[in-house]
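**Q** Sequence:
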Amino acid sequence: MIKGVYGFNVAVRDLSAATETYEKFLGLKGKHLSTEDFAFPNLVGTEFDLGGVKINLIASLSADTSIAKFIEKKGEGFFLVSLEVSGIENEMTRLKNAGMQFVSQEPFSGSFGKVNFIHPKSANGVQFEILELATK
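With the sequence shown counted from 1, adding 2 to any position gets you the numbering used here.
Honestly, the hints are just simulated from the structure, not real lab data.
Hints are not guaranteed to be accurate.
[What the hints assert, rightly or not] Straight-line Cα separation of at most 16 Å, EDC-like style, residue types lysine to aspartate or glutamate; simulated pairs: (1) Lys116 x Glu86; (2) Lys98 x Glu108; (3) Lys75 x Glu86; (4) Lys33 x Asp66; (5) Lys116 x Glu22; (6) Lys56 x Asp16; (7) Lys26 x Asp51; (8) Lys33 x Asp51; (9) Lys116 x Glu134; (10) Lys75 x Glu91; (11) Lys31 x Asp51; (12) Lys5 x Glu91; (13) Lys71 x Asp16; (14) Lys75 x Glu93; (15) Lys56 x Asp39; (16) Lys5 x Glu108; (17) Lys56 x Glu93; (18) Lys56 x Glu108; (19) Lys123 x Glu25; (20) Lys26 x Glu49; (21) Lys5 x Glu93; (22) Lys116 x Glu78; (23) Lys116 x Glu38.
[As the list claims (entries may be wrong)] Derived DEER-like restraints, expressed as beta-carbon distance ranges: (24) Glu25 x Asn92: 34 to 40 Å; (25) Asn44 x Pro122: 19 to 25 Å; (26) Glu25 x Gly101: 38 to 44 Å.
Each residue gets a CB set at the ideal place from its N, CA and C atoms; glycine is no exception.
Starting from the given sequences, assemble the full structure and let the hints guide the process.
**A** Written out as structure tokens, the structure is:
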């Protein structure tokens with residue numbers, strides 16, 4: 003079941019510069035995200051919590067990540083909407099039956115929980131991730 007919007011991810015070239023800009027803009031101190039906070043290697047970021055909804059700035063440490071490829075093709079900017087779910091496997095089945103295509107048949111797991119990504123071609127050009135947070 004989709005519980006709500008978890009956050010929005012923005013692809014950036016220079017994480018330090020983007021973090022400084024967003025800290026001034028939002029009036030908040032960002033929280034550093036390390037490679038362990040992502041489903042794929044070679045990504046780092048900064049998280050801003052706006053009343054429970056996150057804005058994540060994401061930068062790539064290598065040229066072969068989806069973030070690097072996105073920036074190369076489209077430039078910096080809005081990358082995806084993150085939706086929090088419960089029961090990710092059941093939600094994947096429901097969404098597949100609704101016509102959504104996932105980048106992987108199985109969710110990716112990490113210290114953050116479980117995640118999978120809906121291909122933008124099946125969602126009118128918008129990439130979504132569904133995220134089941136790890137229980138603490």
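**Q** Take a quick look at whether Lys56 and Glu108 sit within 16 Å of each other, Cα to Cα.
**A** violated (25 Å)
**Q** Lys71 and Asp16: Cα distance at most 16 Å?
**A** Within the cut-off at roughly 15 Å; holds.
**Q** Quickly compare the C-alpha distance for Lys98 and Glu108 to 16 Å and report which way the hint goes.
**A** holds (12 Å)
**Q** Is the hinted pair Lys33 and Asp51 satisfied, with a Cα-Cα distance of at most 16 Å?
**A** holds (9 Å)
**Q** For the pair we were handed, Lys26 and Asp51, check the Cα-Cα distance against 16 Å.
**A** holds (14 Å)
**Q** Hint says 19 to 25 Å; check whether the CB-CB distance for Asn44 and Pro122 agrees.
**A** holds (21 Å)
**Q** Can you confirm whether the C-alpha distance between Lys5 and Glu91 stays at or below 16 Å?
**A** With a Cα-Cα distance of about 14 Å, the restraint between Lys5 and Glu91 holds, given a limit of 16 Å.
**Q** Has the given pair, Lys56 with Asp16, been kept, meaning a C-alpha gap of at most 16 Å?
**A** At roughly 19 Å apart (the allowed maximum being 16 Å), Asp16 and Lys56 break the hint.
**Q** CA of Lys75 to CA of Glu86, is that 16 Å or under?
**A** violated (28 Å)
**Q** What's the verdict on Lys26 and Glu49, does the C-alpha distance respect the 16 Å limit or exceed it?
**A** This hinted pair holds, its Cα atoms lying about 14 Å apart.
**Q** What's the verdict on Lys116 and Glu134, does the C-alpha distance respect the 16 Å limit or exceed it?
**A** holds (5 Å)
**Q** Lys75 and Glu91 were given as a pair; does the straight-line alpha-carbon distance stay at or below 16 Å?
**A** violated (31 Å)
Checked against the numbered hints given earlier, this structure breaks hints 3, 4, 5, 6, 10, 14, 16, 17, 18, 19, 22; the rest are met.
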